[in-house]
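K.L.:
Sequence:
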Amino acid sequence: MKAIDLRNGIRRAIHTVYQPSSTQCPRRRPATVARFHASLPVRTFSSSNTRRASEQAPKQTTSNARISEIESGIDVSTNPGLEDTTPFRAAPEINLDGLEDFEASPQTISTLSAAESREVSAAKDVDSPGKRAEQSFYPSSSPTSPDTRQRAGGVSANSLRVVPASPSYFTARPNFTDHYLSITSLYRRHQLLPTTNRSETKITWLTLPEYRELIGNEPVAPGRFRDLIRMCGRLAAINPHLMPDEVHTVLQSFMKEEQPIVRFSKKAVVDECGRAYGLGRRKAATARAWIVRGKGEVLVNGKSLSQYFSRLHQRESALYALSVTDRVGDYNVFAIVEGGGTTGQAEALTLAVAKALIVYEPALKMRLKSAGCLTRDRRRVERKKPGHLKARKKPAWVKR
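If you count the sequence shown from 1, position 304 lands on 304 in full-length UniProt numbering, and the numbers rise without skipping.
Be aware that one or more of the hints could be misleading.
To be verified - Below, simulated EDC-like cross-link-like pairs (lysine to aspartate or glutamate); rule was C-alpha separation at most 16 Å, straight line:
#, residue 1, residue 2
1, LYS202, GLU272
2, LYS303, GLU338
3, LYS394, ASP377
4, LYS202, GLU258
5, LYS365, ASP326
6, LYS295, GLU257
7, LYS393, ASP377
8, LYS256, ASP326
9, LYS283, ASP330
10, LYS295, ASP326
11, LYS267, GLU361
12, LYS283, GLU361
13, LYS256, GLU213
14, LYS283, GLU382
These aren't lab readings, by the way, just hints derived from the structure by calculation. Because the structure is a prediction, the values reported are computed rather than measured.
Required output: the full structure, derived from the provided sequences and hints.
P.N.:
Okay, structure coming up:
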């Protein structure tokens, strides 16, 4: 009867504690009532705290226990408190005395011996999925496996990596990218160097199919290849006396083996007699002139200038190149003119004397060019057309 009364009293006490208040919302469901067995002892807060403190005091993890057993030299497998733990043995010590001069390179990474590898593998912890994945990723014979990693000279073997030979290795066109970057760099550094005439630097470059075959059939766009050849042509036009050796070496890889024969025009020079030669044409007239240092004497077809050209403006036109440069009394002129009229011959003589003068003094070229003495006048008389009175004049039109 006492047990029944005790059980009924406990139930009434619990029902009173979990009874919902009168102010609670009627729609809210009451909390679930906990059910206890009357035969279980009832614990208070004080007894629970005391028991928790007594349980935590002697508590020790399995890993700490194994470490303490190993340090004390006790066999873990015979310890009655750790029967269900995995046997553990310390790994053998590895002698690293001979690795002071170790070079951190993939070729010099040494591995453990077979016996030491077996001892280390036998001393591993409990096998786990992470361990199995790591073993499958790193072969046992690999120098970078976790079992054979070593530190020597402060460099880890795992930190070593293979560096590509070219920074363009991961691009779609590595060879073409290297060529394009090298030519662009040379072009930016040497684009201000003086150049020569284009006719003197005629070079036959590789075509796009030939270049693709040279670099391993990489997908090179025609527009990019044209830009590359354009920069090569600009570098090839540099004055040979000022061209750097690196530019000449790089351009050889883009040229064809068989280059066309280029015929260079002869440069006018002063001959052994001290004469400079010039040729000029105007309309149907042709003039050849030789000038030498002298007192300003002029002979045209064996006659003096005043005898051959009777008009003043023709005499001024014949010596216009000397008057523009203030060299009238410094040179003697000997000329042979033929064809056309006297006006055409006088203007042809102007061009011939100007060309001969820049052979002596190349610095006067810009002054003569700005004065129009080095430009040939190609205007000719327009022919008469049938039905016209002259070249363009037409007869008067009559209505009736």
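K.L.:
Compare the structure with the hints numbered earlier in the document and write down the numbers of the violated ones, lowest to highest.
P.N.:
1, 3, 6, 7, 8, 9 and 12
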